Amino acid sequence: MMILLQLNQVTKYFGSNLILSNIKLEVQTRDKIALVGRNGAGKSTLLKIISGELSYDSGEIIKPKDISIGFLAQNTGLESTKSIWDEMLTVFSDIRQLEKDMRKLEEQMSTCDPSRNPSAYERLLKEYDDMLYTFKEKGGYQYEADIRSILHGLGFQEYSYDTPISSLSGGQKTRLALGKLLLTKPDLLVLDEPTNHLDIETLQWLEQYLQSYQRAVLIVSHDRYFLDKVVNIVYEISHTECTKYVGNYSRYLKQKAEKYERELKLYEKQQDEIARMKDFIQRNLARASTTKRAQSRRKMLEKMDVIDKPQGDEKSAQFSFEIEKQSGHDVLKAKNISVTYDGKSPIISDVSFSITRGEVIALIGPNGIGKSTLLKAIVKRIKPFSGEFQFGANVTIGYYDQEQADLTSNKCVLDELWDEYPQKTEKEIRTILGNFLFSGDDVMKNVSSLSGGEKARLALAKLMMQKANFLILDEPTNHLDLDSKEVLENALIDYPGTILFVSHDRYFINRIATKVFELSKDGITEYLGDYDYYVSKKEEMEELQKLEQQKETIITTTNELAKQGKLSYEKEKELKKRERQRQRKIEEMEKEIARLEEKIVKNDELLCDPVIYQNHERVQEIHHENEKLKERIDQLMEEWENLIEEE
1 MMILLQLNQV
11 TKYFGSNLIL
21 SNIKLEVQTR
31 DKIALVGRNG
41 AGKSTLLKII
51 SGELSYDSGE
61 IIKPKDISIG
71 FLAQNTGLES
81 TKSIWDEMLT
91 VFSDIRQLEK
101 DMRKLEEQMS
111 TCDPSRNPSA
121 YERLLKEYDD
131 MLYTFKEKGG
141 YQYEADIRSI
151 LHGLGFQEYS
161 YDTPISSLSG
171 GQKTRLALGK
181 LLLTKPDLLV
191 LDEPTNHLDI
201 ETLQWLEQYL
211 QSYQRAVLIV
221 SHDRYFLDKV
231 VNIVYEISHT
241 ECTKYVGNYS
251 RYLKQKAEKY
261 ERELKLYEKQ
271 QDEIARMKDF
281 IQRNLARAST
291 TKRAQSRRKM
301 LEKMDVIDKP
311 QGDEKSAQFS
321 FEIEKQSGHD
331 VLKAKNISVT
341 YDGKSPIISD
351 VSFSITRGEV
361 IALIGPNGIG
371 KSTLLKAIVK
381 RIKPFSGEFQ
391 FGANVTIGYY
401 DQEQADLTSN
411 KCVLDELWDE
421 YPQKTEKEIR
431 TILGNFLFSG
441 DDVMKNVSSL
451 SGGEKARLAL
461 AKLMMQKANF
471 LILDEPTNHL
481 DLDSKEVLEN
491 ALIDYPGTIL
501 FVSHDRYFIN
511 RIATKVFELS
521 KDGITEYLGD
531 YDYYVSKKEE
541 MEELQKLEQQ
551 KETIITTTNE
561 LAKQGKLSYE
571 KEKELKKRER
581 QRQRKIEEME
591 KEIARLEEKI
601 VKNDELLCDP
611 VIYQNHERVQ
621 EIHHENEKLK
631 ERIDQLMEEW
641 ENLIEEE
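The sequence shown begins at 1 in the UniProt record's numbering and counts up one residue at a time.
Source of the hints: derived by calculation from the structure; they are not laboratory data. Computed from a predicted model, the values in this text were never measured in an experiment. Errors might be hidden in some of the hints.
[Stated by the list, open to error] With a straight-line Cα cutoff of 27 Å, these simulated DSSO-like cross-link-like pairs (lysine-lysine) come out:
{"hint": "1", "residue 1": "Lys138", "residue 2": "Lys63"}
{"hint": "2", "residue 1": "Lys599", "residue 2": "Lys585"}
{"hint": "3", "residue 1": "Lys335", "residue 2": "Lys521"}
{"hint": "4", "residue 1": "Lys325", "residue 2": "Lys380"}
{"hint": "5", "residue 1": "Lys100", "residue 2": "Lys82"}
{"hint": "6", "residue 1": "Lys265", "residue 2": "Lys24"}
{"hint": "7", "residue 1": "Lys173", "residue 2": "Lys229"}
{"hint": "8", "residue 1": "Lys485", "residue 2": "Lys244"}
Could you put together the complete structure from these sequences and hints?
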């Protein structure tokens with residue numbers, strides 16, 4: 001193990017605001033580090049300082065000269081006029097140039113005569129060997145396979161690699177930016193929220209990729225499932241300072257709680273000791289007999305290294321979702337829903353499902369399959385091409401848009417909420433906003449200037465005020481820090497209404513979902529249970545499918561063998577028939593040959609008869625007949641020999 005990077009006492013101000021103070025952080029080769037903390041704690045700032053994009057005010061950063069750091073900021077889209085493939089190839093420009101140089105050298109070697117100029121040929125050969133070694137070491141024979149592997153893992157397997165990047169969506173450009181960075185394979189990979197815009201399947205691929213990555217990784221992420229699978233060290237930024245914990249995210253939470261309990265006990269023990277010493281001093285200082293002891297205790301107290309009270313968690317959002325009145329048992333029935341954009345081929349085709357009161361349903365599926373589109377169709381922001389939605393009695397909808405399209409006004413935060421609920425007092429509105437961590441001057445911020453996390457909290461505040469009995473949530477955990485996610489989870493667990501939500505946060509799905517809808521090209525498949533149940537059921541179904549395929553293969557093989565057996569029987573029957581025919585023919589030939597030979601013998605006997613041999617013409621006839629008989633015997637003998645050889 002080797003130290004790649006060290007931060008010692010790094011401090012950063014924005015104007016007069018202290019963002020980071022005395023940060024100590026160390027990265028060794030193959031470390032997988034998570035940087036956690038509240039929104040606004042300074043995580044992204046620290047990543048930018050490490051990657052060299054931001055300066056710092058004091059302290060030092062120590063790193064070897066030749067270390068390569070690859071940094072992907074939040075929502076960084078790949079802007080390019082090139083195609084997907086050509087842009088990925090730019091990562092390997094040095095290898096491709098080396099490849100061109102090798103081709104030129106090969107041409108020179110083909111025209112150089114080693115017998116006429118052996119030294120020049122040897123020099124070319126040596127240069128070519130060196131190039132070939134470098135080419136191989138740099139991955140010259142596998143870089144195209146690496147590109148295909150990364151593009152496939154990030155969900156571009158169905159796209160033509162000739163597709164211009166400029167024609168892709170923002171989320172696709174972000175994934176390509178990640179892919180291009182992964183292809184560079186830096187010594188330290190620095191990723192700020194890499195899980196945004198990734199569906200569950202792609203998230204699982206990225207987890208496996210980073211687990212097997214042979215170099216160091218530093219990640220900011222609010223995906224607990226992802227952090228638990230990938231990291232082995234956690235640095236927490238809180239109150240401008242940084243604390244190290246060894247282990248994954250779940251282990252960090254446990255250690256943090258244990259550390260707080262430990263420090264609190266030490267603090268309380270010391271406070272009790274200080275109180276006793278002060279009491280002793282107060283009671284004994286005026287007495288002549290005990291004044292020296294009291295003075296001694298006072299000196300001890302003055303020299304004591306007083307422990308600061310350990311800081312607990314920073315203030316958390318506090319909210320709950322209530323309903324005005326309960327809906328009927330049937331909340332929503334969707335019948336044969338199809339949705340298209342601009343009359344093109346359907347994004348969603350012939351989808352049917354039903355939702356009943358109290359269900360909490362996670363709608364999952366790959367990016368681009370139409371999850372958000374389906375939610376927009378339900379809330380009538382998009383008109384279905386065909387089919388219908390039937391809402392039950394007293395159903396009122398509260399909709400949370402992942403793009404927060406409604407929060408682009410130039411109003412201040414206070415007015416954004418107050419204008420919708422003018423019957424509330426300013427104090428009531430400020431109290432509600434305070435529960436969502438908007439306090440003091442925060443409520444006067446312009447809505448359009450808010451950060452992603454702030455917009456998310458404001459959108460949740462508006463949603464809470466609606467008191468709807470059917471919540472439709474599109475990626476509600478995006479932009480929320482881990483603490484705010486937990487508050488949202490608890491609020492939704494206690495919510496007495498019905499919920500349909502889209503999320504790729506597997507931990508969040510596990511905590512609140514009672515059912516999973518998987519959207520695919522074939523429609524919706526229902527799974528009764530949380531995300532882990534869905535995964536196990538999918539694995540079970542895939543296993544059953546494999547067994548079914550194996551069964552079909554066995555049946556096919558058995559049928560083929562049976563068929564082959566039948567064919568073998570028929571063939572054997574045919575062979576036996578042919579053998580009987582051959583034997584019969586041999587027997588017939590042998591009889592015919594014997595008959596012909598007997599005829600020749602009789603003719604020879606006739607030739608010995610004085611009456612016959614004195615008749616010249618008759619002798620000629622018998623001789624002529626015998627010649628024909630012998631020819632026929634020779635012919636039969638040849639056929640007989642052939643039949644015998646067939647045995």
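Each hint, compared with the structure:
{"no.": "1", "hint": "Lys138 <-> Lys63", "in the structure": "24 Å, holds"}
{"no.": "2", "hint": "Lys599 <-> Lys585", "in the structure": "21 Å, holds"}
{"no.": "3", "hint": "Lys335 <-> Lys521", "in the structure": "16 Å, holds"}
{"no.": "4", "hint": "Lys325 <-> Lys380", "in the structure": "22 Å, holds"}
{"no.": "5", "hint": "Lys100 <-> Lys82", "in the structure": "21 Å, holds"}
{"no.": "6", "hint": "Lys265 <-> Lys24", "in the structure": "26 Å, holds"}
{"no.": "7", "hint": "Lys173 <-> Lys229", "in the structure": "25 Å, holds"}
{"no.": "8", "hint": "Lys485 <-> Lys244", "in the structure": "22 Å, holds"}
Every hint from the earlier list agrees with this structure, and none is contradicted.
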